[in-house]
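**Student:** For the protein sequence lines, the chains are A and B, in the order given. Residues 88 to 585 in the working numbering are what the first sequence spells out, letter by letter. Residues 88 to 585 in the working numbering are what the second sequence spells out, letter by letter.
Honestly, the hints are just simulated from the structure, not real lab data. Worth double-checking, as some hints may not be accurate.
[Stated by the list, open to error] Far from chain B, some chain A residues (derived; all Cβ distances over 12 Å):
(1) Ala103
(2) Gly105
(3) Ala123
(4) Gly269
[To be verified] Okay, the calculated bits of chain A under chain B, using three or more residues with CB under 8 Å as the criterion:
(5) 308 to 319
(6) 335 to 345
(7) 377 to 383
Everything numeric in this text was worked out from a predicted model, so none of it was measured. Note that CB positions come from ideal geometry on N, CA and C, so glycine has one too.
As a plain string of letters, each chain reads:
There are 2 protein chains.
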Amino acid sequence: MQAYQTLAGRFARLGALGDAAGILSWDRETLMPDGAADMRAEQLAQLAVIGHEILTAPETGDLIGRALDEAATLGEWERANLREMRRTYLHAAAVPADLVAASSRAASQSGMIWREARARSDFAMLAPALAETLRLGREVGAAKGAAFGLDPYDALLDGYDPGMRRAAIDPLFETLRAELPGLVAAVRERQAAEPAPLPLPGPFPVAAQKALGERLMRAVGFDVTRGRLDVSLHPFCGGATDDVRITTRYDEADASGALMGVLHETGHALYEQGLPPAWRHQPVGAARGMTLHESQSLLVEMQACRSAEFCAYLAPALGETFGGAGPAWTPENLHRRYTRVEPGFIRVDADEVTYPAHILLRYTLERAMVAGDLAVADLPGAFNDGLRDLLGLTVPDDRRGCLQDIHWPGGSFGYFPTYTLGAMAAAQLFRAACAAVPSIPNDLASGDFAALRGWLRTNVHARASLLETDELLREATGKPLGADNFLRHLRARYLGAS
Amino acid sequence: MQAYQTLAGRFARLGALGDAAGILSWDRETLMPDGAADMRAEQLAQLAVIGHEILTAPETGDLIGRALDEAATLGEWERANLREMRRTYLHAAAVPADLVAASSRAASQSGMIWREARARSDFAMLAPALAETLRLGREVGAAKGAAFGLDPYDALLDGYDPGMRRAAIDPLFETLRAELPGLVAAVRERQAAEPAPLPLPGPFPVAAQKALGERLMRAVGFDVTRGRLDVSLHPFCGGATDDVRITTRYDEADASGALMGVLHETGHALYEQGLPPAWRHQPVGAARGMTLHESQSLLVEMQACRSAEFCAYLAPALGETFGGAGPAWTPENLHRRYTRVEPGFIRVDADEVTYPAHILLRYTLERAMVAGDLAVADLPGAFNDGLRDLLGLTVPDDRRGCLQDIHWPGGSFGYFPTYTLGAMAAAQLFRAACAAVPSIPNDLASGDFAALRGWLRTNVHARASLLETDELLREATGKPLGADNFLRHLRARYLGAS
Chain A
88 MQAYQTLAGR FARLGALGDA AGILSWDRET LMPDGAADMR AEQLAQLAVI GHEILTAPET
148 GDLIGRALDE AATLGEWERA NLREMRRTYL HAAAVPADLV AASSRAASQS GMIWREARAR
208 SDFAMLAPAL AETLRLGREV GAAKGAAFGL DPYDALLDGY DPGMRRAAID PLFETLRAEL
268 PGLVAAVRER QAAEPAPLPL PGPFPVAAQK ALGERLMRAV GFDVTRGRLD VSLHPFCGGA
328 TDDVRITTRY DEADASGALM GVLHETGHAL YEQGLPPAWR HQPVGAARGM TLHESQSLLV
388 EMQACRSAEF CAYLAPALGE TFGGAGPAWT PENLHRRYTR VEPGFIRVDA DEVTYPAHIL
448 LRYTLERAMV AGDLAVADLP GAFNDGLRDL LGLTVPDDRR GCLQDIHWPG GSFGYFPTYT
508 LGAMAAAQLF RAACAAVPSI PNDLASGDFA ALRGWLRTNV HARASLLETD ELLREATGKP
568 LGADNFLRHL RARYLGAS
Chain B
88 MQAYQTLAGR FARLGALGDA AGILSWDRET LMPDGAADMR AEQLAQLAVI GHEILTAPET
148 GDLIGRALDE AATLGEWERA NLREMRRTYL HAAAVPADLV AASSRAASQS GMIWREARAR
208 SDFAMLAPAL AETLRLGREV GAAKGAAFGL DPYDALLDGY DPGMRRAAID PLFETLRAEL
268 PGLVAAVRER QAAEPAPLPL PGPFPVAAQK ALGERLMRAV GFDVTRGRLD VSLHPFCGGA
328 TDDVRITTRY DEADASGALM GVLHETGHAL YEQGLPPAWR HQPVGAARGM TLHESQSLLV
388 EMQACRSAEF CAYLAPALGE TFGGAGPAWT PENLHRRYTR VEPGFIRVDA DEVTYPAHIL
448 LRYTLERAMV AGDLAVADLP GAFNDGLRDL LGLTVPDDRR GCLQDIHWPG GSFGYFPTYT
508 LGAMAAAQLF RAACAAVPSI PNDLASGDFA ALRGWLRTNV HARASLLETD ELLREATGKP
568 LGADNFLRHL RARYLGAS
């Protein structure tokens, strides 16, 4: 146990450093004055470098080797912790320090240029920096791939979603690619025949939106003694252990963006707040990966809170909060608004039926870029062709095309698929939860999330990184990640299929 | 230059770690949810331990030795930086790691017990923990004293105010001890013969107080692109480089506490914001010490903002903000309120004439405790005797006596004198500023701080830790720290002496 205990101490320190960075990053997005940006970047860089030095010190590798030799003396969680320590170590140690620094600098640089290039819809402005970020991202993928015995794209994917592989994703995404166009067309036809949703007349004062958002957070189960809700330009869930900070942004003309955003981030927060206290700051005590993380936000937002049942709870709460009454404020109209399907250019604004098309496109393109089969110069054309094929839309400019997301300029290759994998996992988990506790849909109609939350606590949150994603899903739902529950959910909600 | 440059890199990292801790500490006092306390303590402890490890690594001492050998190749600021690096290193390396940990734990412990003991006014509850904190504090003082060739109390003092010594303080404090009782009596007699200040009728809504506070901050010169104003239970100035966070607390029945508090903290903030950008994160680029830091807050609050001139600016601003008019809202009444002298039990509520008595008492007692001449069990009696001698007050309970301050339970021995040394330095600097720029008092009457701020920038802020405190004062005011300008200020303001 000696080597393992020493490792646990090192990882506890890394966990505390990660927490510190989490609060500093949250502060940067919410409260930090503009003039502090350079110094904040320096603080975060120093914390990252210190963490990387601790993680990649030669003794860490030695200790892992010795701990593996004594693994027979360890319990189940300790063994899983050691497995995750090794994975974390390999991801860090695989990449030479100068490549870490160069790729991080290049990503910061192209991320900054991207803001300007998107505003001007000027892809040529971004192209050289993006090409450099891609070049270094491919080098990182190759280095990690060599360490893990994986191809570069799988190695990058593993950094966001441990254990996830192209070979698992491809058949799932092919199913969606085959089913979705017909499904979208059928839903659009059905919705065209129904009354159009009525707009809710505003204004929606920010203070009232915030109070309602906090009431909904608490209803879902957010522990306000271990977290906060604040405002940022781009909503996120961040912060630190026992201190989960979620954010939203308010529009006084329309409350639904902020409310659904709060519910989405609350799903992420529930996962973080439900992780096992005994494993704080240890790798096995962390959330399993981005697919399961996104499944928790989508389960709360899409599966639970856009359901007809929850709309029956939310509609009177909205009416009471904002003094609304009449046909626009009925549960039925609210549900029609929250389930409206309409193909559009912007991924983050997409409904749950057309959203996967945006991901299929990006997955195909980033795989090709990482494989060296798609040059940055050819990206806009490939992007626009893809969106036409998938959603029948003609991209009018790159701002609404391949310039809309920060992921690639920010150096994130291998992240996009987890959004739609998360949507699949959400449908699969929600169905299993309702099968285990049949009262869940009715509970939602009175804003009661206790049973759903209890099931998620036991079957997802409290398991942290003990299991790989597919193992966890198999134990929770009886099978590994699949597309069928997601498609069944879409057909039921949008086509009335049983 | 090689060794010096390597050291500069190490200290830059320490500076960034200190900044990170500054923001985490600010967040703890302002926004952090209660349930995050343990994890936040862990984050701060890990940052402190990492910093201590970097600072006390054997190579740091070696590098300092080599850099001193090549000091002839360094410029004036680099040499001063090396001197401050050495001082910082000695303070850290002098104390064995287990003593650092033990004294820090004991201080945390007795600081926690103190909260409860103060609330209950139960000294016996605190005594054992305080005795342990004192015992370890004396060990730390002895260890630092051995490293610096100083007696333990001077070594502790040096940690808060580099270069400050009992031998310098004693004659200044003896002057105050001789002069103040007569001065207090004369001021009280004079004020008793004047009309009593009229209370300002409230309420004072928090939003309006905050807006006025921010307006005054900006008038004084606070750079809002590099700092913020927020709320905390105990007001402070903290944060990080280029990100100075000041706090206050609001009372809707009385705006003067928050306003004067904001002005006080703005004085601290001006110092931090005026430090030389070229020396960020280096020891020579930091504020000189607690005496000069307190001088900057007291110069803004006491010297400038409680002056008759500034009251002429503030009174109409208050009336306009809170819709007040009539005799209570005149500059004259405001000035009477802000200069009212009345001996009381509580140090933090004391006026500037009686405040030094609280410090003289604490200085005498903590010197005796550190020297081993006063046992913790005898502290309440000694405290109460001292307050009777100095201010003629009979302490009714320990809550209003020796339990009122967190400093000693929190492990701070050697800090108290800097409050009154700061008041002296404030008077000395303000007089020199007004001599150099005679328009300053009149400028304050129109809320114009530009000339005062410019003089402070040049003569105090921009010099950072280039000089020792007395050298800086000699260059700025023509003489080292003295009590005469402070006494002259009190006689002028409170007795009408010219």
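**Student:** Each hint should be assessed against the structure and marked as holding or not.
**Tutor:** Hint check results:
{"no.": "1", "hint": "Ala103", "result": "4 Å, violated"}
{"no.": "2", "hint": "Gly105", "result": "9 Å, violated"}
{"no.": "3", "hint": "Ala123", "result": "4 Å, violated"}
{"no.": "4", "hint": "Gly269", "result": "48 Å, holds"}
{"no.": "5", "hint": "308 to 319", "result": "holds (count 6)"}
{"no.": "6", "hint": "335 to 345", "result": "violated (count 0)"}
{"no.": "7", "hint": "377 to 383", "result": "violated (count 0)"}
Hints 1, 2, 3, 6 and 7, counting from the list given before, are not met by this structure.
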